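These protein sequence lines map, in sequence, to chains A and B.
Here my numbering runs 1 ahead of the position in the first sequence, where the first position is 1.
Here my numbering runs 1 ahead of the position in the second sequence, where the first position is 1.
It is possible that part of the hints are untrue.
[What the hints assert, rightly or not] Below, computed lysine-lysine pairings styled on DSS-like, alpha-carbon distance capped at 25 Å:
1. K50(A) - K77(B)
2. K123(B) - K50(B)
3. K77(A) - K25(A)
4. K25(A) - K3(A)
5. K109(B) - K38(A)
6. K38(A) - K25(A)
7. K77(B) - K25(B)
8. K77(A) - K3(A)
9. K50(A) - K50(B)
10. K123(A) - K109(A)
11. K50(B) - K77(A)
12. K123(B) - K109(B)
[Unchecked claim] Sample of chain B residues lacking proximity to chain A, with all beta carbon distances greater than 10 Å (derived):
13. P5
14. S33
15. L49
16. H67
17. S107
18. Y118
Derived from the structure by calculation, the hints contain no laboratory data.
The structure presented is a predicted model; accordingly, all values stated were derived computationally and were not measured.
We put the beta carbon where it would ideally sit given N, CA and C, even for glycine.
Now for the letters of each chain:
2 protein chains.
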Amino acid sequence: MKSPRILGIDPGSRITGFGVIEQKGFHNEYVSCGVIKSNLDFTLPDRLKEMYEGICEVIETYQPDHAAIENVFVAKNPNSALKLGQARGVLMLAVRQYQIDLYEYSAKVVKQAVVGYGQADKHQIQQAVRALLKLSSTPSQDAADALAVAMCCSNHLAVSHNVS
Amino acid sequence: MKSPRILGIDPGSRITGFGVIEQKGFHNEYVSCGVIKSNLDFTLPDRLKEMYEGICEVIETYQPDHAAIENVFVAKNPNSALKLGQARGVLMLAVRQYQIDLYEYSAKVVKQAVVGYGQADKHQIQQAVRALLKLSSTPSQDAADALAVAMCCSNHLAVSHNVS
């Protein structure tokens with residue numbers, strides 16, 4: 002049986018991280034990671050199109066079976082929330098158009114899954130992701146966050162498959 | 002010369018209004034208006050896909066030359082801003098994919114253009130839109146807001162064409 006592939010997405014209005022892993026039982030294997038940057042010289046509709054096409058290309062290239070995205074908790078700034086929402090909207094649309102199930106996890110749950118506690122900082126996530134996936138170098142913060150979301154999803158799917 | 006058609010969009014996470022007008026010199030003629038509702042029983046990605054496909058259908062049907070959207074000012078609630086942003090993102094993506102120029106106007110500028118002052122309420126917008134476009138009935142609030150955005154855009158384009 003083909004190992005399920007999971008795409009993790011860390012959405013951002015300027016930089017979106019992505020990470021792809023393969024689930025081998027209770028073990029995860031690294032496939033790829035990177036970022037989709039939007040060109041600040043472009044208009045907002047052009048930047049959203051760039052983001053949308055970027056994630057479509059990732060999906061076409063790596064053919065994930067599942068996708069997961071961070072369930073954003075935005076406490077303070079409605080303007081940033083609006084911008085983030087716009088990026089998040091086109092990313093979710095792309096995943097849906099490829100008929101891939103999308104899971105959402107809070108940052109706290111993702112941190113607990115990868116580092117072991119929900120208050121971990123960005124640096125700790127990078128280190129944990131590097132160690133768990135046996136990477137030879139440390140991924141960028143956005144790519145590491147995306148891999149962490151994918152690993153969190155993988156763990157939950159492994160547990161639910163095990164239970165059922 | 003073909004009269005330019007303008008699509009106005011009033012984005013919402015549950016209901017998005019749209020309004021289409023034709024610009025005849027300094028005069029605007031009503032073409033169509035309505036709302037795209039998202040089914041609350043659907044998942045968020047499905048609702049975004051529904052919204053995206055709804056606006057694509059409007060664009061295909063009415064073939065607008067220009068599009069305008071309200072530039073949202075969200076003062077208080079980051080969670081609503083995120084939801085609104087998600088809808089706004091897929092709407093802007095659709096407009097961009099049809100290579101239609103998108104203009105943005107603040108609610109205040111839209112109200113000034115249609116009612117004459119920036120503090121007008123929803124009801125006043127509905128009445129002004131009905132009178133200015135000589136409609137036989139009053140459009141719903143969301144559709145009226147969208148027609149108001151389209152009229153605001155039309156005025157600005159007429160002025161800028163006149164100046165250049």
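The hints, checked one at a time:
Restraint check for K50(A) and K77(B): the C-alpha separation of about 28 Å exceeds 25 Å, so the hint is violated. At roughly 28 Å between alpha-carbon atoms, K123(B) and K50(B) are farther apart than 25 Å, so this suggested pair is violated. A threshold of 25 Å between alpha carbons decides the hint, and for K77(A) with K25(A) the separation of about 39 Å lies outside it, so the pair is violated. Between the alpha carbons of K25(A) and K3(A) the distance comes to roughly 9 Å, so the proposed pair stays at or under 25 Å and holds.
As the CA atoms of K109(B) and K38(A) are separated by approximately 33 Å, the hinted pair breaks the 25 Å bound. Taking the CA atoms of K38(A) and K25(A), the gap is about 30 Å. The hint is violated against a cut of 25 Å. A hinted pair counts as satisfied when its Cα atoms are at most 25 Å apart, and K77(B) with K25(B) does not qualify at roughly 39 Å. For the hint linking K77(A) to K3(A), the alpha-carbon distance of about 43 Å lies beyond 25 Å, and the restraint is violated.
Taken as a hint, the K50(A) and K50(B) pair is honoured in the structure, with Cα atoms around 15 Å apart against an allowance of 25 Å. With a C-alpha separation of about 12 Å, the suggested pairing of K123(A) with K109(A) holds against the 25 Å cut-off. Between K50(B) and K77(A) the CA atoms are separated by roughly 28 Å; this puts the pair beyond 25 Å, and the hint is violated. Only pairs whose Cα atoms come within 25 Å are accepted, and K123(B) paired with K109(B) is accepted, the gap being roughly 12 Å.
With a minimum CB-CB distance of about 19 Å to chain A, P5(B) clears the 10 Å threshold, and the non-interface call stands. Separation of S33(B) from chain A is adequate, the least Cβ-Cβ distance of about 23 Å exceeding the 10 Å criterion. At roughly 5 Å from the closest C-beta of chain A, the C-beta of L49(B) falls inside 10 Å, breaking its exclusion from the interface. Look at H67(B): its CB is around 13 Å from the nearest CB on chain A, clear of 10 Å, so calling it non-interface holds up.
S107(B), annotated as away from the interface, keeps every beta carbon of chain A farther than 10 Å; the closest lies near 13 Å. Every Cβ of chain A is farther than 10 Å from the Cβ of Y118(B); the closest lies at roughly 25 Å, confirming the non-interface assignment.
When the structure is compared with the earlier hints, violations turn up for hints 1, 2, 3, 5, 6, 7, 8, 11 and 15 and for no others.
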